[in-house]
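Peer 1: Construct all of the structure, not just a fragment, from the sequences and the given hints.
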Amino acid sequence: MKGFIVKIDGTGKPLGTTGTSATRSTNGSSSTSATSATTAPGAQVDISGTSSRLRELESTIANVPVVDSARVEEIKQAIADGRFKVNADRVADSLIESVRQMLSARPAT
Numbered sequence: 006m007k008g009f010i011v012k013i014d015g016t017g018k019p020l021g022t023t024g025t026s027a028t029r030s031t032n033g034s035s036s037t038s039a040t041s042a043t044t045a046p047g048a049q050v051d052i053s054g055t056s057s058r059l060r061e062l063e064s065t066i067a068n069v070p071v072v073d074s075a076r077v078e079e080i081k082q083a084i085a086d087g088r089f090k091v092n093a094d095r096v097a098d099s100l101i102e103s104v105r106q107m108l109s110a111r112p113a114t
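Using the working numbering, the first residue of the sequence shown is number 6, and each one after it goes up by one.
Think of the hints as simulated: they come from the structure by calculation, not from any bench. All values derive from a computational prediction rather than experimental measurement. Backbone N, C-alpha and C define an ideal beta-carbon position, used for all residues, glycine too. Zero decoy hints are in this set.
The calculated label-pair distances, taken between Cβ atoms and stated as ranges, are:
{"id": "1", "residue 1": "Ile-66", "residue 2": "Ala-110", "range": "20 to 28 Å"}
{"id": "2", "residue 1": "Glu-102", "residue 2": "Glu-79", "range": "20 to 28 Å"}
{"id": "3", "residue 1": "Gly-87", "residue 2": "Gly-54", "range": "53 to 61 Å"}
In silico SDA-like pairs for lysine to any residue, Cα to Cα no more than 25 Å straight-line:
{"id": "4", "residue 1": "Lys-90", "residue 2": "Ala-75"}
{"id": "5", "residue 1": "Lys-90", "residue 2": "Val-72"}
{"id": "6", "residue 1": "Lys-81", "residue 2": "Val-69"}
{"id": "7", "residue 1": "Lys-90", "residue 2": "Leu-100"}
{"id": "8", "residue 1": "Lys-90", "residue 2": "Ser-103"}
{"id": "9", "residue 1": "Lys-81", "residue 2": "Leu-100"}
{"id": "10", "residue 1": "Lys-90", "residue 2": "Ile-80"}
{"id": "11", "residue 1": "Lys-90", "residue 2": "Glu-79"}
{"id": "12", "residue 1": "Lys-90", "residue 2": "Glu-102"}
{"id": "13", "residue 1": "Lys-90", "residue 2": "Asp-73"}
{"id": "14", "residue 1": "Lys-81", "residue 2": "Asn-92"}
{"id": "15", "residue 1": "Lys-90", "residue 2": "Arg-76"}
{"id": "16", "residue 1": "Lys-90", "residue 2": "Ser-74"}
{"id": "17", "residue 1": "Lys-81", "residue 2": "Val-96"}
Peer 2: Have a look at this one:
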């Protein structure tokens, strides 16, 4: 399979082709070879395999529940029965870790 790789900047706009084409072998590894940086008008790129795979993944994800209803009911019942215990140390550690992650992901000002 031959095609051009298009670089996209952070705005989602194409910057142009890289001038290479990638081919995939039967064992899944890819190799890249240099080609002309210019493309002919009307050049085609075949992404049907990738598109099909993405549709399959979307379908799979759509069928996965966002919330584990059984676990929610179990916790509700434990609270109602007075059996639910809060581990304050674990909650505090999780909150601290969340803040650390947010701070490390925040861009420097």
